[in-house]
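Participant: If you want the building blocks of each chain, they are given just below.
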Amino acid sequence: MLRELAALTRREYLKLARNPQAIFTSLLLPLLYLLLFGQGFHISLTSFSLPGAPPPTPATIAAFNLAYFRGAPDYYSYFAAGMVGFVAVTATLFIGANVIFDKLFGIFKRTRGTPAPSAAVFGSRLIAGATQPIAYAFFVLGLALVFAHVPGLAGLTVTAPITVVSVLEIVVAIVLLSLMFATLFLTFGILLEVPQTYFAAVNLLNLPVLLTSDALYPWGSMPQWLRNVSQYNPVSLAVNVIRETLFGSSAYPYGPGIYLLGLLAWTVVLIGIAIFFVRRALRPLE
Amino acid sequence: MAMEGTISAEHLVKVYDGKIRAVDDVSFEVKAGEVFGFLGPNGAGKTTTVSMLSAGLRPTSGRAVIDGLEVGADPEEVKRRIGVIFQETTADGDLTGLENLEIAAGCYGIPVAEGRARAKVLIEQMQLTEAADRYAKTYSGGMRRRLELAVGLVHNPRVLFLDEPTLGLDPQGRAGFWDFIQKLKKENGMTVFVTTHYLDEADGMCDRIAIIDHGKIVATGTPNELKDRVGGDVVTLKTGTGAAEITTLLQGLPGVHSIQHTDGSYRAKVQSGETFVPLAVDTATRAGVGVTGVTVKRPSLDEVFLDFTGREYREEEGPNATDRAVMMNRVRGALRR
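Chains A and Z are the protein sequences, given in the same order.
According to numbering that gives the first Met the number 0, the first sequence is numbered sequentially starting from 0.
According to numbering that gives the first Met the number 0, the second sequence is numbered sequentially starting from 0.
So here's chain A without its partners, still in its complex pose (with noise of 0.2 Å):
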C-alpha cells in the first residue's frame, strides 16, 4: 500500500511540478484578492471620522474594531485571515477535474489495470491535492503580514502575543480545511465522468460555502440569521481560529481547540462519506 501510495504521490508532484502556469495563475486570485478588493474596502473606525468632529478614542476604536472586525485591528487584517480560508478552500477546486482529465485520456484506465488499492489512488492525489491550498494559504498570510510594511498599502497587523501553540493551531486549522475541501472535490472528480458538470456541480456549491461565511464579510454588519448559519460553517471555524491567534479571544465564546473540534468533525465527516462512494466507485470489478 505504502509503495503505491508513494509512487501515486511523486506522479502528482511531478505534474504540478511541470505546470507553473497553474501554480502562478492559482496565487494570482488571492494576490488580486489582497492587493484590489482588501485594498478599496479597508476601512477602520477613522474612516468614518468626519471633518472638525473629535478622534474616536482608544476605547471606543476598540469597542469597534470588537463589534465590527472580532477584535481585529482594523478590516484589512480582518479581512486578510479570512483570506487564508477563502484560499485554502478555493484552491482545491479543481483537484477532482484533474481526476476527470486523467479519465479522460486513459490514464486512470491504467492506474485501475493495477492492483494498486483505491486508498493509494485517493490518497495520493488527495495528499497532493491538499498540499496546494496550505502552501497558497501561507502565502497569503505571509503576503499580507509583507504589505502591512510597505508605504500606501493596508496590510495584515497582528495584535495578540504569537507563540508556538497558536502558530501550530493556525497550521491545523488551514490543514484541517484544506483536507476537508479536497476530499470533497476529489470524491466529485472519482464520482463524475464529464468536466461540465464536475464544474456545474463544485461552482454551486463553492459559493454558498463561502458566503455563508464570516471569511470576508465585517462580522458587525451581517445579519443576525447569517452569522447563525456562519458559526457552523467550516471555513468560518477554520478562520475563528486563525482571527483569536491572531487578535485575541474576546469577541468569540470559544476557544481555538473548541473550533478545531469543529473543524475536525466536519472533516472525519466528509472522508467518512468519501470513504463510502469512493470504495464503490472504485471497487476491483466495475
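One should not assume that every hint holds.
To be verified - Restricting the straight-line Cα-Cα distance to at most 27 Å, the calculated cross-link-like pairs of lysine-lysine (DSS-like) are:
#1 Z:Lys136 <-> A:Lys108
#2 A:Lys14 <-> Z:Lys136
#3 Z:Lys226 <-> Z:Lys184
Claimed, not checked - Some chain A residues flagged as far from chain Z (calculated, every beta-carbon gap over 10 Å):
#4 Gln20
#5 Pro57
#6 Pro72
#7 Gly122
#8 Arg226
Said to hold, decoys possible - If you only want the chain A side, here are some residues facing chain Z, beta carbon under 7 Å, derived:
#9 Arg2
#10 Glu11
#11 Lys102
#12 Ile106
#13 Arg109
#14 Pro114
#15 Ala115
Don't read these hints as lab results, they were simulated from the structure.
Think of the CB as a built atom: it goes at the ideal place given N, C-alpha and C, for glycine as much as any other residue.
For this one, chain A is given, so just place chain Z on it according to the hints.
Facilitator: Showing chain Z alone in chain A's frame:
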C-alpha cells in the same frame, strides 16, 4: 501448477442495460505460452471479453480463470499476474518514458530501486533509450505503443493481454510491434492474448485464433485449421447485374463444394480452381450469362470469416449497437451523478 499461465473462459456473458448482449456465452481455453488471437470486427465483443478476463469488468454470468485464479474471486491478485495493454494510450504524456515505467512499477508494489532497474531494462528492450528522458507526449505513435507494452510488462506478468495493440500504427510500426511480441513469447514463454481486427496479424502472428462476431465465438483453431475448414480454392465469378441466376448450373459442376450468389457475383468453394474456371465460364456463357471477371484464391482468413459468419470482413466499421449502448450507458451514468 498445470494452470500456470493459462486462460480459461467459461460461458462468459456480458449484458449492458439489461438488453445488449455484448458477449454471448463465450468459452475457450488458452494454453500456457500460446499467442491466442481474438479476431473480429469492431463491436464484436473483443474489448468487453478482454475487460472481463483482465479483472476490469464483472461478467453478467460465466467465469474466467487466469493463471489458476478465478477472476471474480481475487481480481487484485489476478491484476498482479497479468499485464494489460489497452486499446487507447494510457501512458501519461506529461511524464518521461522512464517516469511512466517507474510509477507503474510502484503501482505493483515493486520497491523503488528495483522498479528503476526494471524500467531501464525495459526502456532498452523497447529501443526507447534515446527517448527515455523525454516526455511521452513527444513520442511517435510507434514509440508510444512500445512504451505501453513496457508499462504492461513492468511487473513480469505471466499472461499478457493486448487489446488492439497496433490500432492506428503504420505497417512498419505494426511489424515492429509484433517483433517484440514474438520475442517475448520466445524468450519468456509468456502467454499472450491479443485482440485484433487485422486479419493478416492474426494469420501470421497467432498460434491459435478464435473468431468472434456479434458477441459469439464462431470458430476456433490454428490459422491453418481454419483455412482447411473452408477447403480447396475460392473462385469468384463476376457477372453483369441483372443476369440470369446460374447457381444450380454451377453447383452441378465437378469438384464444387458450395456456391454463394451475392451482388452480381458467384463465390464458389471448389476442389481445384484450375479445373473449375474453364468449366464455369463455359457453363455461364451457354446460359447466356456474360462473365466479366474471375479470381481464384487460396483461402485466407477473410474467406474463413466469410465462411463462418456469412458476410464480408471489414476492418473499419463504425460504432455498432454495442458501442452505442456502452456510450449511452456512460452518458446516462454521468448524468445520474
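Participant: Mind checking the CB of Pro114 (chain A) against every CB in chain Z and telling me if the closest is under 7 Å?
Facilitator: holds, 4 Å
Participant: Taking the minimum C-beta separation from Arg226 (chain A) to chain Z, is that value above 10 Å?
Facilitator: Holds, because the least Cβ-Cβ distance between Arg226 (chain A) and chain Z comes to about 35 Å, which exceeds 10 Å.
Participant: Test the statement that Gly122 (chain A) is away from the interface with chain Z: the closest C-beta pair must be farther apart than 10 Å.
Facilitator: The assertion about Gly122 (chain A) holds, with a minimum of 13 Å to chain Z.
Participant: If we take the beta carbon of Pro57 (chain A), is the closest beta carbon in chain Z still more than 10 Å away?
Facilitator: holds, 57 Å
Participant: Holds or violated: the hint that Lys102 (chain A) contacts chain Z, with Cβ atoms closer than 7 Å.
Facilitator: Where the cut-off is 7 Å and the nearest Cβ of chain Z is about 10 Å from Lys102 (chain A), the hint is violated.
Participant: Is the straight-line distance between the alpha-carbon of Lys226 (chain Z) and that of Lys184 (chain Z) 27 Å or less?
Facilitator: holds, 24 Å
Participant: Go through the hint on Ala115 (chain A) and say holds or violated, using the shortest Cβ distance to chain Z against 7 Å.
Facilitator: holds, 4 Å
Participant: Verify that the Cβ of Pro72 (chain A) lies farther than 10 Å from every Cβ atom of chain Z, and report whether the claim holds or is violated.
Facilitator: Consistent with the label, Pro72 (chain A) stays out of reach of chain Z, its closest Cβ about 46 Å off (over 10 Å).
Participant: Would you check whether Ile106 (chain A) satisfies its interface hint, that is, whether its CB is within less than 7 Å of any CB in chain Z?
Facilitator: It holds, given that the least Cβ distance between Ile106 (chain A) and chain Z is near 5 Å, below 7 Å.
Participant: Holds or violated: Lys14 (chain A) and Lys136 (chain Z), Cα atoms, limit 27 Å.
Facilitator: holds, 13 Å
Participant: Under 7 Å, Cβ to Cβ, is where Arg109 (chain A) needs to be relative to chain Z, so tell me if that hint holds or is violated.
Facilitator: holds, 4 Å
Participant: Taking the least C-beta to C-beta distance, is Arg2 (chain A) closer than 7 Å to chain Z?
Facilitator: Since the shortest Cβ distance to chain Z is 5 Å, the answer is holds.
Figure legend: structure checked against the earlier numbered hints; hints not met, in rising order: 10 and 11.
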